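Residue numbers (our numbering), protein chains in the order written: chain E, 5 to 685; chain G, 5 to 685.
It does not matter which identical chain is meant; a pair holds if it fits inside one copy or across any two.
Each computed PhoX-like pair below joins lysine-lysine, with the alpha-carbon atoms no more than 25 Å apart:
| # | residue 1 | residue 2 |
| --- | --- | --- |
| 1 | 624 | 204 |
| 2 | 569 | 354 |
| 3 | 640 | 357 |
| 4 | 634 | 440 |
| 5 | 357 | 569 |
| 6 | 640 | 354 |
In short, the hints are calculated from the structure, not lab data.
Note that the structure is predicted; figures quoted are calculated from it, not measured.
Below are the chains, spelled out letter by letter.
Protein chains: 2
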Amino acid sequence: MWWVWPALALVISAAAFFVAGRFYVYVRNIPLEAESLPHWGDLVRHGAFAFLKTEYRVLTRFAAAVMVLLFLFFPPIWQSPSLLTNLFMALAYAAGAGLSGLAGIFGMNVATIANVKAASAAKRGISGAYMAGFRGGATMGLAIVATGLSGAAVLYLLAPDNPTLVLAFSFGASTVALFAKAGGGIFTKTADIAADLTGKVELGIPEDDPRNPAVIADNVGDNVGDVAGMGADLFDSNVASLAAALILGVALGQAEFVFCLGALGLAASIIGVLTSGVKEGQHPGQALNNGTYLTTLLFFVLTLAVTLIFGFQLRLWIASAIGLAAGVIIGVTSERFTSPEGRVVRRVAKASKSGPAFTILSGFSYGLLSTFPALIGIGGAALAAYLVTAPLGPGYALFGISLSAVGMLSVVAMITSNDAYGPIVDNARGLAEMGKMGDDVIAVTDELDAAGNTAKAITKGFSIGAAGLTVIALLAAYQEILQQVGKTADFQLLNPLVFFGLLIGAALPAVFSAMLMLGVNRNAARMVKEIHRQFNDIIGLKDGVEGVSPDYDRCIEIATIGALKELLPAGIVAIAVTLAVGFIGGVQAIGGFLAGNILSGLLLALLMSNAGGMWDNAKKYIEGGAHGGKGSSAHKASVIGDTVGDPFKDTAGPSLNTQITVVSLVSSLCATLFASFSLLG
Amino acid sequence: MWWVWPALALVISAAAFFVAGRFYVYVRNIPLEAESLPHWGDLVRHGAFAFLKTEYRVLTRFAAAVMVLLFLFFPPIWQSPSLLTNLFMALAYAAGAGLSGLAGIFGMNVATIANVKAASAAKRGISGAYMAGFRGGATMGLAIVATGLSGAAVLYLLAPDNPTLVLAFSFGASTVALFAKAGGGIFTKTADIAADLTGKVELGIPEDDPRNPAVIADNVGDNVGDVAGMGADLFDSNVASLAAALILGVALGQAEFVFCLGALGLAASIIGVLTSGVKEGQHPGQALNNGTYLTTLLFFVLTLAVTLIFGFQLRLWIASAIGLAAGVIIGVTSERFTSPEGRVVRRVAKASKSGPAFTILSGFSYGLLSTFPALIGIGGAALAAYLVTAPLGPGYALFGISLSAVGMLSVVAMITSNDAYGPIVDNARGLAEMGKMGDDVIAVTDELDAAGNTAKAITKGFSIGAAGLTVIALLAAYQEILQQVGKTADFQLLNPLVFFGLLIGAALPAVFSAMLMLGVNRNAARMVKEIHRQFNDIIGLKDGVEGVSPDYDRCIEIATIGALKELLPAGIVAIAVTLAVGFIGGVQAIGGFLAGNILSGLLLALLMSNAGGMWDNAKKYIEGGAHGGKGSSAHKASVIGDTVGDPFKDTAGPSLNTQITVVSLVSSLCATLFASFSLLG
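Please work from the sequences and hints to get the whole structure.
Put into C-alpha cells, the structure is as follows:
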C-alpha cells in the first residue's frame with residue numbers, strides 16, 4: 005500500500021486548507037476601527053498587487069521559456085522514448101511555478117487585509133491584534149505548505165517511479181522564489197532606503213509620514229519582500245527537500261516515510277497554530293516561540309509513535325529528528341547574536357560611540373563569528389544523520405541526510421506563520437501612524453512588532469539551516485541521478501575538475517549578492533531622484549498642505565521596474581554559470597561547483613543576515629536611550645550601520661538561499677545532459 | 005647527478021646575497037640631507053626593533069613548544085625507528101623559524117635605513133630617491149628568497165629521500181609569518197587608526213604631526229606590518245610551494261626540476277632588480293612594473309632553454325609557465341579593481357556623495373565581484389597545469405599543479421622588492437614631513453608613494469594567487485603523504501566526514517579574521533586612551549611648545565603588547581580547530597577541511613584586500629579634488645570607508661594567506677598522526 009502515506013498527505017493538506025480558510029474568514033471579520041485606515045490599507049494593497057502583476061508578467065515569460073527548454077531537452081527530444089515524458093516534465097515545472105505563484109497571491113491577499121485588521125484590533129488591546137497578525141501569517145503558512153506537499157503527493161501518486169517530476173515541480177517553485185525573493189528584496193530595500201534618505205535624513209520627517217512619495221512603496225515593500233518573498237522561499241526549500249528525499253527514497257523503496265514526515269509535520273503545525281494566542285499583559289514574543297516549541301514537540305511525538313506502530317526504521321526517524329533539533333539550535337544561536345538584549349548587539353552599539361567605521365567593523369566581525377556555530381550545526385546534523393543511517397545499508401546514509409532536511413522543514417508551516425506575522429504587524433504599525441490612530445495603538449503595534457523581530461531572528465537562522473541541509477541533500481540526489489544513468493559519480497576533491505568547480509561555485513554567491521546590492525543602490529538612486537522631483541513639482545507637498553498628496557504610484561512603479569531589471573541579470577548569471585561549468589567541465593566539475601556554491605552561499609548568507617540584524621538592533625538599542633539615545637553621535641553611526649545592513653539582511657542574504665537552491669536544481673535536472681555533452685568531463 | 009640543481013640553487017642564492025649586500029652598502033652610503041632626519045629616523049628604527057624584540061621573545065617560546073611537540077610526536081616517539089629522525093624534524097623546524105626571523109631582522113634593518121636615505125635623496129630628485137627605496141626593498145627581497153631557497157636546498161642535499169624535513173622547515177617559516185603578518189597587521193592598524201582618530205579627527209592636525217604620541221608608532225607600523233610582515237609572508241609561501249612540490253616531486257624522481265625553477269627564478273629576479281631604475285621625469289610606477297615584466301620574461305626564456313637543453317619534460321615547464329602567467333593576470337585584474345584611475349574606484353567615490361553607507365555598500369559589492377576573476381584564474385591555472393601534465397603518468401598531474409605554484413612564486417624576489425619599496429617610500433614621506441624638508445621634497449616622495457600603491461595592488465593579487473595555488477599543492481602533498489603510509493586518501497565530496505570538514509574549514513577564516521579585526525578595535529581603543537592621557541598630562545604638548553615631546557615609546561609598547569595579545573588566541577584557535585577536526589574526523593575530514601579553508605580563505609582574503617584597496621583609493625581620488633575634494637561630505641564618507649578598509653586590507657585580508665598555509669602545513673605534518681588516532685575516521 006505504497007499510496008497510503010501520500011494519500012494521507014493529501015488529506016492533511018485538505019485539513020490545512022480548511023483551517024487556512026477559517027483563519028482568512030476570522031481575519032476578514034475583524035471590525036474596522038478607524039475611518040482613514042481602509043484608505044491607506046488600500047493604497048498598500050493596490051501597490052502590492054501592482055508589483056505582483058508586473059512581476060508575474062515577466063515571470064510568466066521566463067517560465068514559458070524554461071518550459072520550452074524542459075520539453076526540448078529533458079530528455080533530449082531526439083533521444084526521448086516518448087514525447088509524453090518531455091511533456092510531463094514541462095507540466096510539472098509549470099505546476100510548481102503556478103502553485104507557488106498562486107500561494108503568493110493568496111498570502112499577499114491575506115497579509116494586506118490582516119495589516120489593516122491588526123491595526124484596528126490594536127485599539128482594543130494586544131490579544132486581538134496578535135491574533136489578527138498571527139492568523140494572517142498562519143493562513144499563508146498553512147496554504148503554502150499544503151500546496152507544496154499536495155503537489156508533490158499528486159505527482160508521486162501519478163508516477164511513483166519517476167521522482168524527477170518532483171524535481172521539475174521544485175524547479176518551478178524555485179523560479180518563482182528567485183523572482184519573489186530577490187525581486188522583492190530589491191523592491192523593499194529600494195523603497196526603504198529612498199524613503200529614509202529623503203524623509204528622515206533630508207527633511208527630518210518621521211518614518212511613515214504620508215507626505216513622503218515613497219511611504220506607500222516602503223509599506224508595499226514589507227509585503228512583497230517579507231511576506232510573498234519569504235513565503236516563496238520557504239515553499240521552495242520545502243519542496244526541494246521533498247524532491248531530494250524522494251529521489252533518494254524511491255531508489256531505496258522508502259518514499260512513504262518522506263510523506264509520513266511531511267504529513268505529520270503539517271498536522272503538528274496545524275495544532276500549533278490553532279493553539280497559539282496571547283492574553284492581555286502576556287509577552288507576544290514568548291507566544292510565538294512557544295508555538296514553535298509545541299509544534300516541534302508534537303512532531304517528535306507523532307512521528308516517533310507512527311514509526312514504532314507502522315514499523316518504519318527507527319534510524320530514519322532519528323535522522324529526521326536530528327534535522328529538526330539542529331534547526332532549533334541554529335535558530336537559537338543566531339538569535340543570541342542578533343537579539344536586541346544580547347551582549348553582541350550591545351557591543352556593536354558601544355562601538356558606535358567611536359564613529360560609524362567602528363559600527364561597521366564590529367558588526368561585520370561579529371557577523372563573521374556568527375557563521376561558525378551555524379555551519380557546525382549544519383555539518384554536524386548532516387554527519388550525525390549519516391552515521392545513524394549508514395548501518396541500514398548502502399544508499400541509506402545519504403537518504404538519512406535528506407531526511408534530516410525534511411525533518412528540519414517539517415514544521416515549516418509554523419515557521420512561515422511566525423515569519424509572516426512580522427511584516428503584517430510592522431505594516432499595522434505604519435498604518436496606525438498614517439491613520440493617526442493615537443499613541444496607545446502605536447504602542448501596542450510597537451510591542452507586536454518587537455516580538456516579530458525576535459521571532460524573525462530564529463526563523464531566519466532556521467531557514468538558512470534548512471536550505472543548507474536541503475542543498476546537501478540535493479547534491480546527494482544529483483549523484484544518485486548520475487548513478488541511475490550509469491555514470492560514475494566520483495567527486496574527488498583533488499580531481500582538478502572538481503576543484504575548479506569548487507572555486508567557481510564559491511565565487512558565484514559573491515557575484516550574485518554583489519549584483520543584487522548594486523541593483524538596490526542604483527534603484528534607490530532612481531527613486532530618490534523621483535522623490536526630489538515630486539517635492540519640487542508638487543506645490544504644497546513639502547509643507548503638508550491639506551488635500552495635496554504625492555504620486556505614490558510612480559514610486560511603486562520605479563521600485564517594481566527597477567527590481568525586475570536588476571534581478572534578471574543576477575538570475576541569468578547564476579544559471580548561465582551553472583550551465584557553462586556543466587557543459588565545459590562535465591558532471592564532476594558540477595559536483596565541486598555545487599559544494600563550493602553551498603559553502604560560500606551559506607557563509608555569505610549567514611554573515612549578511614546576522615550582521616544586518618545586529619546593526620538593525622544596535623540602532624534600536626541606542627534609540628531606546630543607550631549611549632545618548634536618538635540624535636547622539638552613536639545614534640548617527642548606528643543609522644549608517646543599519647543602512648548598510650538593510651540590503652545585507654533583506655536583499656542579498658536571504659536571496660542566497662534561493663540562489664543555491666536554483667543552482668542545485670538546475671544541476672540535478674541537467675545531470676544527464678552534462679554527462680552526455682561536455683568539453684572536458 | 006641529482007645534486008647539481010640544488011647545488012646551483014645554492015650558488016645562485018650566494019649571488020643573490022652578494023647583490024643584496026651591495027645594495028645594502030649602496031643605500032647606506034647615500035649622504036644625509038637634513039639634520040633632523042636621523043632623529044626621526046632613529047625613533048622609527050628603535051620602535052621597530054622594540055617591536056621585533058618583544059615579538060621574537062614570545063615567538064621563541066611558542067616555537068620552542070612546537071619544537072618539543074615535533075620531537076615527541078613526529079613520528080610518535082614510542083614508535084620512532086630512530087630518535088635522530090625526531091631530532092631532525094625539530095631542527096628543520098627551528099631552522100625555518102630562525103632563518104625567517106633573521107631575514108625579518110635584516111629586512112627591517114635595511115628598510116629603516118632606506119626610508120631616511122630615500123627622504124634625503126628626494127632632495128636631489130626622483131631618480132636617486134627611487135633607487136634608495138627600490139634597492140632597500142630589493143635587499144630584503146633577494147635575502148628572503150635566497151635564504152628560503154638555500155635552506156630547502158641544504159635540507160634536500162642532506163636528506164634527499166625525506167622531503168618531510170622541508171615541510172617542517174616550511175612550518176617554521178609559517179610560524180614566523182603568523183606572528184609577523186597577523187601581529188604586525190594588528191600593530192600597524194592599531195597605530196594608524198588611533199593616530200587618525202585623535203590627530204586628524206579630534207584635533208585636526210596633519211597626518212604625520214610630531215605632536216601626536218602615536219605618530220612614531222604609526223610609522224613603525226608601516227615597517228613591522230608591511231615590510232617585515234609581508235616579507236615573512238612571501239618567505240612562507242615560497243618555501244611552502246617548494247615543500248609541496250618536493251614531496252610530490254621526490255615520489256616521481258623529479259625533484260631536480262623544482263630546484264631548477266627556483267634557481268632560475270632567483271637568477272631572473274637578480275637581473276630584474278639590477279636593471280631597475282628611473283630617469284628624471286619618468287614615472288616610477290612604470291619602472292616597478294617593467295621590472296616585474298622583464299623578470300617574468302627572463303624566467304620564461306631561461307627555464308625554457310634549460311628545459312630543452314637538459315631534457316626536462318616540456319609539459320612540466322608549461323605547468324610552471326601557466327602558474328606565472330596566471331599570477332600576472334590575477335595581479336593585473338586586481339589592479340583594475342583597485343586602481344585609483346579605474347572605473348570601479350570612481351564609482352565607489354561617486355557613491356560616497358550619498359553618504360558613508362553607500363561608500364561601504366558599493367565598495368563591499370565590488371569587492372565581492374572582484375573575487376570572481378581571481379578565483380577563476382587560480383582554478384583555471386590549476387586545471388590547465390593538471391591537464392597539461394596528466395599525460396606524463398600517474399602522480400604527474402598533481403605535481404604539475406605544485407609546479408604552477410612554484411612557477412608563480414619563481415619571481416617572488418622581484419615581487420617582494422616591489423612590495424617593500426612601498427612602505428619604505430611611504431615612511432620617507434612621513435620623515436620628510438616630520439623633518440620639515442619642504443614641499444618639493446614631499447612632492448617627490450608623494451609621487452614615489454603613489455607608484456608604490458599601484459605596484460602594491462598587483463603584488464597583493466599576486467601573493468593571494470600564489471598562496472591559493474600553494475595550498476592546493478599542499479592539499480595534494482597531504483594526500484601523497486597519506487598514500488606513502490598506506491592510507492587511502494579518498495576525499496569524496498559526499499563522504500559526510502569530508503563534507504563536515506568542508507563546512508568547518510570554510511568557517512575558520514571567518515572566525516580568524518573576525519578575531520584579528522576585533523583585536524585591532526580593542527587595541528586601538530587602548531591606544532586612544534593613552535593618547536588622551538598624554539594630551540591631558542603633558543603640558544604644552546597640544547599647543548606644540550618647543551621642546552615638549554610626547555612619550556612615543558609608550559604608544560609603541562601598547563601597540564606591541566596588544567598586537568601579540570590579540571594575535572595569539574587567533575593563531576591558537578586556527579591550530580586547535582585543525583587538530584580537533586583531525587583527531588575527531590580523521591584524515592578525510594581534514595581533506596575536506598583544507599579544501600573548505602582554501603575556498604573561504606581565498607574568498608575572504610580577496611574580498612577584504614580589494615574592498616580595502618578601493619576605499620583607500622576612492623578617498624585619495626576625492627582628495628585629489630573630485631566630488632568637492634577634501635572636507636566635502638563625499639570626502640567624509642570616503643574617510644569612513646577607508647577606516648573600515650584599513651583592517652580589511654592590512655590586517656585580516658593578508659593574514660588569511662598565512663592562516664591557510666599554517667593550517668595546511670599542520671595538516672600535512674600531522675597526516676600520519678590523524679591516520680592513526682582519530683575518533684570517527
